[in-house]
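Peer 1: Chain by chain, the residues run as shown.
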Amino acid sequence: MNIVVLTKLVPDLVEELAIDASGAALDLAFARWIINEFDDHALEQGILLKERGGGTVIVVAPDLDGADDVLFTAAAKGADRLIKIKGDFIAANNHALARTLTAIIKELQADLVLTGVQAHNDLDGSVGPMLAECLQLPYVGYVSGVSINDGKSAIRKEYPGGLLAEMEVTLPAVLGIQAAEQPPRYVAVSKVRQAMKDFHIEEQDASDLDPGGAPEVGRMFQPEAASHAEMLTGEPAEVAEKLVNLFKELGVL
Amino acid sequence: MTQDIYVIIEHLRGQVSDISYIMLAAARELAQSTSGKVVAVLLGYNAKGLAKDFATDQVLYLDHAALADFTSDAYQKVLSDLIGREQPRAALFGNTSIGSDVASVLSMRLGLPLVSSCRNFTKDGKFVSQICGGKIMAEGDLPAPTALITIVPGGYQPDQGRSAESPSITEAGVPALDALRVTLSKYIEPEVADVDISKEPLLIAVGRGIQNKDNIELAEALAQAIGGVVCGSRPVIDQGWLAISRLVGKSGKSVKPRIYFALGISGAPEHVEAITGSDTIIAVNTDPVAPIFNVARYGIEADMFELVEVLTEQVKAAKG
Ligand SMILES: Cc1cc2nc3c(=O)[nH]c(=O)nc-3n(C[C@H](O)[C@H](O)[C@H](O)COP(=O)(O)OP(=O)(O)OC[C@H]3O[C@@H](n4cnc5c(N)ncnc54)[C@H](O)[C@@H]3O)c2cc1C
Ligand SMILES: Nc1ncnc2c1ncn2[C@@H]1O[C@H](COP(=O)(O)O)[C@@H](O)[C@H]1O
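Residue numbers (the working numbering), protein chains in the order written: chain B, 1 to 253; chain H, 1 to 320.
Same shape as in the complex, but just chain H (with noise of 0.2 Å):
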């Protein structure tokens, strides 16, 4: 049993996600108040160098050749071994494709705690959750012995997870890892898209609001008159209003125009968070405590079926 703050390390095809960083910056407040150590836990194939930028006190890196991409059923195995026999006070995972797939079965395996969407700790080593799409936070002190907790972006910038000193590597044994029941058959890349949205100046972004595929014309007719392109946020992708190209969020694209124009999203943390290196964000939604119009710059309490048109026409009428 220690004090210290594991964090497990998330990288995909050879780069550190910017969860792991986010999480190191939460992990150094948690160790804090609990005065232990962070501790980075690094699984990998040959890839100890991966760690150089960690503001770290400790990487823990684990070797092995079934560890070379992420599957669920490895990591599960090598983390309840580890975490199990190190017992520390907590272990930090992303909320995401890879720390989702694995805190949730440790917490059963190893009858262990678990928090998930926090967001941040607080001075005094309380977990602060995110949730119900961002219009709740839920806060409690840490769970004992060891709290598992996955973590969403928010709280802390990557920057902060970040050093420009290499920190002092451990190696950690491997449990055999035979008989996986997940295994890795290969990437599938994303098709070559007319637009990246990532780079565009000027995005107009639909949301569930816009209700049919009908209406994705509306915000066309818009984005051609001002000159910008649009994109939507994932149910209109999951519904086929949109192609996956124009996928802005957590599961999409990252995105920093100049001006991001949102009509009808709600601003769930899974699309905020790609959309705040935007220079400007005007959101237009019909629910005045949509938190949305918390990351906005400019917001318009409306129906966007009585605005859209109106302002498409004034635009034109402003070009001449």
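Chain B extracted, bound-state conformation (with noise of 0.2 Å):
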């Protein structure tokens, strides 16, 4: 059983974002990149999956600042092998990711490809669905659960208001994961350390990368917000008596 998950690494928000000189896209030259917050439950679900049925958990990152990182810390928490993807992937969209992500998916022989959900950053709709119909398989998303069972997958698939739908998706299949059945583990930085003198991480060229089929962006601009907040200001004590008048005023004191 050969488990791939996908892991994209993104513009942490917690930076200030700035848009290009352009002003069609956003400037990030200076990004802090970090994983796709639902990676790190796909690959908590690749884990768990193999520590219950066996099989050979294989991670694949885009070269960006810090993909070393996120791999050495998948084989710390048990993945098997470690890929690295060698491209331009700054301007990349996900078009052009799904269609050059086929062929290194095919040539792995997965059985089983878990994405994140999506990301923060999308425009032009998610990889592993068009990775999905690249490789002619069946796709589920929004997914916290998986079970494999005669070579078959059943999944829980979310719905709003935690309604869960059970479905069966055969195998090989690519799955949308939203949460894992756990919370994602937590690894000791030692044993990152470790993984990095016990591990290789084996690079591949990305194919062409196609951009055709996302959309042309002409603005980019921070929202304009139709009311602001109200500050209140003031040191913690000052700022604590406003709320509790703001408490009485509105009639919960």
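You may find that some hints are simply not true.
For lysine to any residue, the following SDA-like pairs were computed, each having C-alpha atoms within a straight-line distance of at most 25 Å [said to hold, decoys possible]:
1. K319/H / A237/B
2. K126/H / V217/B
3. K213/H / I35/B
4. K126/H / N93/B
5. K152/B / L67/H
6. K126/H / A226/B
7. K186/H / G53/B
8. K186/H / A154/B
9. K248/B / N294/H
10. K248/B / A223/H
11. K48/H / L163/B
12. K242/B / E313/H
13. K242/B / I216/H
14. K191/B / I34/B
15. K248/B / A302/H
16. K242/B / T312/H
17. K126/H / A25/B
18. K256/H / E249/B
19. K256/H / E270/H
The hints are simulated quantities; they were obtained by calculation from the structure and are not laboratory data.
Reassemble the complex: the two chains are provided individually, in unrelated frames, and hints are given to aid placement.
Peer 2: Here's what the structure looks like:
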């Protein structure tokens, strides 16, 4: 059972986001890249499946700042093979990525491909379902539980309000993971250091990045709020006092 | 090739989802700039009646036993057939558990352009998408020939997509639906919870800014002092710090308390869509440009760990 986990690096939203000189794209020259949070869940789900039923977990990351860290951390958690894809990913859209990943995943003979359900910077859909289509495989997203029985997968798909649907999906398949069955495990830095010694990162070149299918952006801007919050300022004790008065005004105290 | 705007209706166990009405409203705006019709596309099994309050020029109804409940494979087959054949100017899908399983696949299968996370259209028919947790908007011309678009809430009200008059319904053909690779086994109901946050008048909501499970106690203490209930954003629930019944947002519950007190929540669209029914939102965040301040009535740019304990003490004192 080959379980491939795809990881994406995204700009950290805690940092300030800037728009570049063209006015139509993010200025990513100084971005801090972090793993898409749903990929942590995809990896956790992959490792859980391996722990339960055996198999090989192969983790794939694009070559951006932080990729080695993502890959070695995955190894420390239990992944078996690490692959870094070389290419110019900063400007690549999801259509291009899906096409590029197709050849790589084919070669890995994946039984199951786990991706994060989506990423915050998507403008042209998600890689998971597009990759599934390129590979002629079924896709289900918003998944928060997977088990494998007799060459089929039983998955739990999330709907609003906590409703779940249990679905049967033939393998091989691509699944978009929203949450793993348990919180992503924590791994000590010392174990990541050990993984750096024990593991080798394989490198593969991205084929041509064909961007067809993504929309052209004319302009990017920061949203203007219709109304901005009235800010309460002062030392903590003063702010607390203002809040207490507000609670009284609003009739809850 | 037509100038019509298709809306792929979403429904779950006999109930049409709000996003469907939001999409009908969005389609109306877009159809004005393309001079086309709004066409609601309804897939189901004996489900024609669901269309009775759609604000649309026409309903295309596709009926098949395999369409009784949503599965990605069946919807992909039916919609690639329909959209490939009819070539509307655009097809709108929800950026949801249903629409997101279909739109990206169709983009590759039919070789059609795809725009995701569109919040609204401009008067001249440009898409405006909301990305980066609500911090950035991206605007562009509607791609040709048929634009596949996933819609997020926020730009239109569901009521704008409802009508008192029933629309005219045309049945359309369904391709063979055999050898489906995805099948529904059953639904699993949410567990019955100790409290129903959608009915609570005073919510203390915690986000990733709370840092760890132990710190939840700070929020609990404040909630207890003031007589409220603690709830949280998705990362807090996914880390196991709060029960899933306390999840506020797109995948959790929508809430409408008198006060929604948000601690360390950035205000991502998936969270905000479920709190706009609150009377008064008060937000505490260290980031002065956190999107939560764009929906809050009152804001405090501060470290919650410096504020919450002091506040809890003062609330206790005020209560005497
Ligand atoms: C399909 C899908 C469904 C989703 N459904 C939901 C959902 O139902 N509900 C939901 O909430 N999210 C949902 N999300 C996730 C959503 O996109 C955001 O990732 C999430 O809401 C962010 O949660 P947060 O604001 O707690 O964390 P973050 O975005 O990480 O924000 C943390 C905030 O805390 C602030 N902060 C840090 N330290 C402090 C401090 N000491 N004092 C004060 N402030 C501090 C930071 O400035 C930051 O603004 C969904 C996502 C997807 C893709
Ligand atoms: N450059 C990439 N390399 C590997 N996996 C990716 C890449 N981009 C996206 N993915 C996968 O697709 C998921 C969803 O991201 P997105 O397609 O941007 O919505 C990510 O969480 C990854 O699992």
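Peer 1: Could you check the structure against the hints above and give me the numbers of any it violates, in ascending order?
Peer 2: Hints that this structure does not satisfy do not exist here, as all of them hold.
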